[in-house]
Amino acid sequence: MARPGVKKLFWRSLLLQSAWSFAGMQALGVSWAMEPLLDELYGMEGEKRVESARRYISTLNTHPFIAPAILGCAAKMEENGEGANIEATLAAVMGPFGGVGDAFFWGALKPMVAVAAMSAVMMGHLLTALLFILLWMGVNLGSRIYFFRLGYKRGRDGLAQVMRLSLFALSRRIKAAASALLGFYLGFVVMGLKSSWGSSEWFWATLVLGATFLIYIPVRRGVDPLWFIMAGTLLIFGVELYP
Amino acid sequence: MDSNTLLILAFVGGLLRMDRTALVQTMLSRPVLAAPLAGIIIGDIPAGILCGVLMEPIWLARIPVGSRVPPDETIAAITAVAGAKALSSGLPWPGYALVAVVLALPMGLVGRWLDFRVRKANDALYFDAVEVVERGGVPRVGRAQFIGALRFFLAGAVGTMVGVALITGLGSLIGETLSGRIGETTYQMLMAFVTVAGAGALLTGIAEREGRVAFAAGIVGNIIFFWVGA
Chain A
1 MARPGVKKLF WRSLLLQSAW SFAGMQALGV SWAMEPLLDE LYGMEGEKRV
51 ESARRYISTL NTHPFIAPAI LGCAAKMEEN GEGANIEATL AAVMGPFGGV
101 GDAFFWGALK PMVAVAAMSA VMMGHLLTAL LFILLWMGVN LGSRIYFFRL
151 GYKRGRDGLA QVMRLSLFAL SRRIKAAASA LLGFYLGFVV MGLKSSWGSS
201 EWFWATLVLG ATFLIYIPVR RGVDPLWFIM AGTLLIFGVE LYP
Chain B
1 MDSNTLLILA FVGGLLRMDR TALVQTMLSR PVLAAPLAGI IIGDIPAGIL
51 CGVLMEPIWL ARIPVGSRVP PDETIAAITA VAGAKALSSG LPWPGYALVA
101 VVLALPMGLV GRWLDFRVRK ANDALYFDAV EVVERGGVPR VGRAQFIGAL
151 RFFLAGAVGT MVGVALITGL GSLIGETLSG RIGETTYQML MAFVTVAGAG
201 ALLTGIAERE GRVAFAAGIV GNIIFFWVGA
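In the order they appear, the protein sequences are chains A and B. In this text, residue positions in the first sequence follow the working numbering: the first is 1, and each later residue adds one. In this text, residue positions in the second sequence follow the working numbering: the first is 1, and each later residue adds one.
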């Protein structure tokens, strides 16, 4: 049975980024999350307590869904009296965990869910779209619980296990699936263009595909899509208003 | 738009803005949900759904890596729905929602600027905590957490309020200017263009080599899907 400070640590880890800053990034969130456990272990003040506070005030930034693994591991290490080694552990894993979390959750899973929801809306299934969002919320909370338990139960071995989960490889597959789904979604545009202007669907499919990659190339080089949309709208309306 | 609706939208904008960073990162702040929610508030759900679906992919590939702050689609999406309401008196469906989306996009950049300012302001909270530790004390950062979260809320609320007020004024003017001068086919073309532009932008984030092939296969798959269905 985990002590109250550990349970509070998990719930507080959900607000890791409440005071996100450029200087400390998630450091304040980490300090706040660890407070109850450190108070429980070392008391409210005193040299040991100050020393423990110092460990968690260093700049920290990682993915918020995987961060609970680090916090769980830190809790275990504090309980085992290995506090002095925590700073090195945090520094070693925050970068890799941030990279893998960004690639998997932000870069692959979130776009996949968003495109699935958009496609469902296009097909008129609003409740299905809502289900996809609920699924995301489940993954969000579920992965935080999973990673926290992994870190707390297995300590540093748990952190190593996170890196062995092959999330990078999985994110590549999810991205490919999301790309296919995005193509499927654009298929609705192709069918709409065909029903409005006639001609074959293959003609419109080629045009849509070409236009997509025409936008893809400069946006990939850093141009904000906003400027394309504004310029394109002005052009489309300009042709109509001033033929 | 009456002042009560403006305040409700600003409050919702603030809450949803917190979800992006300060709270739990559910997808409530994404346009695909935020815009329909705004649509319910202003009484035009179809406009909310359309604005959300069109805006969703535009900046989805801009992920918050490290200290990078992406454009704020939440503020832009709510602004777009408010703009749709303002434009609906002069323009037909779905034209008013389409024009509103285009007009609201710059608010994404304004929101990003506000976000940047909040994160910069939060630096002082962090330095205060570091100073306490350096003086040999134990920092109690609960208040700092609250202030940080409150700042994210206020940035969202203020950004939404400014966006909604601006687009309501501008929307009526543009609605009057365009009223009766744009044909249905032009709106259809704009709809296709904005959708394709959003897809092209999103593709930059998800399509590695095999993804580009999968994307093309997806379009073909949809056509076959409709053939089989027919």
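Calculated directly from the structure, the hints in this document are not laboratory data. Careful: at least some of the hints might be erroneous.
Unchecked claim - Straight-line alpha carbon distances no greater than 20 Å define the calculated EDC-like cross-link-like pairs of lysine to aspartate or glutamate that follow:
#1 K153(A) with E51(A)
#2 K48(A) with E131(B)
#3 K120(B) with E131(B)
#4 K153(A) with E40(A)
#5 K48(A) with D157(A)
#6 K76(A) with D102(A)
#7 K48(A) with E134(B)
#8 K48(A) with D102(A)
#9 K194(A) with E184(B)
Now for the hints, and whether the structure bears them out:
The suggested pairing of K153(A) with E51(A) is violated, with an alpha-carbon distance near 24 Å, which exceeds 20 Å. Proximity of K48(A) to E131(B) is assessed by CA-CA distance (about 18 Å); at most 20 Å being required, the pair is judged to hold. Distance check on the hinted pair: K120(B) and E131(B) sit about 18 Å apart at the alpha-carbon level, within 20 Å; holds. In summary, the hint linking K153(A) to E40(A) is supported, as the alpha carbons are separated by about 19 Å, within the 20 Å threshold.
Simply put, K48(A) and D157(A) have alpha-carbon atoms about 26 Å apart, too far for the 20 Å limit, and the pair is violated. As the CA atoms of K76(A) and D102(A) are separated by approximately 26 Å, the hinted pair breaks the 20 Å bound. Note on K48(A) and E134(B): the hinted pairing holds, with a Cα-Cα distance of about 14 Å set against a maximum of 20 Å. For a cut-off of 20 Å, the pair hint linking K48(A) to D102(A) is broken: about 35 Å separates their Cα positions.
In summary, the hint linking K194(A) to E184(B) is supported, as the alpha carbons are separated by about 15 Å, within the 20 Å threshold.
Checked against the numbered hints given earlier, this structure breaks hints 1, 5, 6, 8; the rest are met.
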